[in-house]
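J.: Top line first, the protein sequences correspond to chains A and B.
When we follow full-length UniProt numbering, the leftmost residue of the first sequence carries the number 1, and every step to the right adds one.
When we follow full-length UniProt numbering, the leftmost residue of the second sequence carries the number 1, and every step to the right adds one.
Read the hints as simulated data drawn from the structure, not as lab findings.
Any given hint might turn out to be false.
Said to hold, decoys possible - Listed below are the simulated DSS-like cross-link pairs for lysine-lysine, each with C-alpha atoms no more than 25 Å apart in a straight line:
no.	chain 1	residue 1	chain 2	residue 2
1	A	Lys330	B	Lys323
2	A	Lys330	A	Lys233
3	B	Lys38	A	Lys149
4	B	Lys149	A	Lys330
5	A	Lys318	B	Lys330
6	A	Lys146	B	Lys245
7	A	Lys199	A	Lys23
8	B	Lys245	A	Lys330
9	A	Lys146	B	Lys318
10	A	Lys149	B	Lys149
11	B	Lys318	A	Lys38
12	A	Lys318	B	Lys149
13	A	Lys318	B	Lys146
Stated by the list, open to error - Here are some chain B residues pointing at chain A (derived, C-beta under 7 Å):
no.	residue
14	Arg63
15	Asp68
16	Ile78
17	Pro85
18	Gln89
19	Met90
20	Lys94
21	Leu95
22	Lys146
23	Lys149
24	Ile150
25	Tyr152
26	Glu155
27	Pro325
28	Pro331
Ideal Cβ positions, reconstructed from N, Cα and C, are used throughout, including at glycine.
Number of protein chains: 2
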Amino acid sequence: MRKSVLISLLLVGVVFPKGDADKELLAKAKQFFSPLPKSFPSADNPITPQKVELGRLLFFERRLSVNDMVSCATCHAIEYYYASPAPKQMGALKLQPRHAPTVLNSAGQFVQHWIGNRKDVEDQALQSLTGPPAFGNPSKESVEEKIRKIPYYVELFRKAFPKDKEPITAENIAKAIGAFERTLVTPSRFDDFLKGNTKALTPEEKRGLNTFIEVGCVACHNGALVGGNMYQKFGIYEPYWKYTKSESIDEGRYAVTKKEEDKYVFKVPPLRNVAMTAPYFHDGSVASLEEAVWIMGKVQLGKDLSKEQVRDIVAFLKSLTGKIPEDARKPPILP
Amino acid sequence: MRKSVLISLLLVGVVFPKGDADKELLAKAKQFFSPLPKSFPSADNPITPQKVELGRLLFFERRLSVNDMVSCATCHAIEYYYASPAPKQMGALKLQPRHAPTVLNSAGQFVQHWIGNRKDVEDQALQSLTGPPAFGNPSKESVEEKIRKIPYYVELFRKAFPKDKEPITAENIAKAIGAFERTLVTPSRFDDFLKGNTKALTPEEKRGLNTFIEVGCVACHNGALVGGNMYQKFGIYEPYWKYTKSESIDEGRYAVTKKEEDKYVFKVPPLRNVAMTAPYFHDGSVASLEEAVWIMGKVQLGKDLSKEQVRDIVAFLKSLTGKIPEDARKPPILP
Chain A
1 MRKSVLISLL LVGVVFPKGD ADKELLAKAK QFFSPLPKSF PSADNPITPQ KVELGRLLFF
61 ERRLSVNDMV SCATCHAIEY YYASPAPKQM GALKLQPRHA PTVLNSAGQF VQHWIGNRKD
121 VEDQALQSLT GPPAFGNPSK ESVEEKIRKI PYYVELFRKA FPKDKEPITA ENIAKAIGAF
181 ERTLVTPSRF DDFLKGNTKA LTPEEKRGLN TFIEVGCVAC HNGALVGGNM YQKFGIYEPY
241 WKYTKSESID EGRYAVTKKE EDKYVFKVPP LRNVAMTAPY FHDGSVASLE EAVWIMGKVQ
301 LGKDLSKEQV RDIVAFLKSL TGKIPEDARK PPILP
Chain B
1 MRKSVLISLL LVGVVFPKGD ADKELLAKAK QFFSPLPKSF PSADNPITPQ KVELGRLLFF
61 ERRLSVNDMV SCATCHAIEY YYASPAPKQM GALKLQPRHA PTVLNSAGQF VQHWIGNRKD
121 VEDQALQSLT GPPAFGNPSK ESVEEKIRKI PYYVELFRKA FPKDKEPITA ENIAKAIGAF
181 ERTLVTPSRF DDFLKGNTKA LTPEEKRGLN TFIEVGCVAC HNGALVGGNM YQKFGIYEPY
241 WKYTKSESID EGRYAVTKKE EDKYVFKVPP LRNVAMTAPY FHDGSVASLE EAVWIMGKVQ
301 LGKDLSKEQV RDIVAFLKSL TGKIPEDARK PPILP
């Protein structure tokens, strides 16, 4: 990955004459990033308006949890850009093991959860139904029975899954929520820039973008989501906890694979809307974006980023703050 | 109270000729009810746009709680008409002792909380800051310090409390939230009816309103809020738990006064938006409005209401569902 970054940089240097810095930066950026798509479709779960509308209700539905206290929106709250302001949020029965990241754009990731133990958003939603740190239902059947008793949902499930004899199933709950989440896309000024409008970013943001590429952040944080498409060890140069002051040491993906090489390996988080979704890292141990960027330089790149570099990168990251789709800005009133 | 109801009924019968049933019902209703005001002002906490806007942010602000997990909106959620669908909702550190009712129109009550142990909405908000079943902060100072660190709030508090040298205080947090809540008024078709438009209610709703008055519900549930202006023993004819199947017996206001006559006495809850704010009673022990109405007939009036009576009363109660003000339909994005 590092080598290809270097080659790209050289390539870009050759193609553009000095002075046309904006176009050069744009060409460089296009090597690593792409604009957000309109949605994140899935062959297994086609997005339909009926499913999305049902999923939108279910996303806010606390009655999906065993004690009617917790919905998806408890950990992924509109007012915090569909993330949680707590380092770790309480689920129905148990504290969550890691920070609840934003679900905006998250359907576009290659896997779900910090340690990649969920295949896609549907898998994430399905397993949440029975997980004690999520909804804590004793079984899929128990939550199905509960939802079947709410007449309004019977009708909506029938419309969303017209071919199913019994449409209210845990799998269809997950599909509806997944379909809603697949529409949660938040394009920002950075997308305008990538589409050719070099004036969409301020000089400071452009400097930050350039720094983000030059110092090597882009090696992992790339693609449409500026992350979310690979695993990486957290703490290549030094242990992460030396800087994050984490309360406990999380071994990351090792918990899933039990392979030594997966120790401290996490999914690279997407950086879309990162300025709106503090606190940072898998355990929410760092509150400030400036500090998080500086720590990343230290432990991932072995670099002591200067104040100016951090400031510029943060300015660039703020340009990744997009607009929440209008339908997702307002919670539904539930039946 | 009962006698005055009777006198009113007789009075109305005299004034209007038979046949003009709608006008008669309107005149009868106006004896007991009044339309909602535009807001619920307070001499101690004048409503200003700056305070309301700040209060709206703080209402959704989870960082008011000791662990960043809980905001006012956790127990009073937009999607459930500013109430909770759980019988008892979890606070920051402890389960709430009683059901979290809607805060819509609640500022208009004569006292706050089921057992009247909060003077007004400001007192409720202030005490929530440090109560373990609410926000669980160890002290007022600790939450003040936390909010002072968020630059955006420093500015908003200065604007909302321009005369205060140090505007970020627990008392001002409570005043801002209170000011916001004082604007949460939800007029409905029932108000149109009370203002003279007798066509605003359907025939079934009118029958229900008449039954509501005739059987005696109106003795306690009256005024602009259809409740919320007196205390009453829950279980006049029979113990309430015989019907609600409550898991534990709540002695109500006795916990506050330790007077024998206050055993099982609760504040009469307002019935505005009651159809949208299940489950019912102080402990959320009853899920269906039909059942709740029938139980009230049994234990408060000593009457076994017929299926038709219950159906009509429920129809009337549904006409009390108002529109949530636009500013309160959308959560703010927090700084």
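J.: Hints broken by the structure, by number, lowest first?
T.: 2, 3, 4, 8, 10, 11, 20, 21, 22, 23, 24, 25, 26, 27
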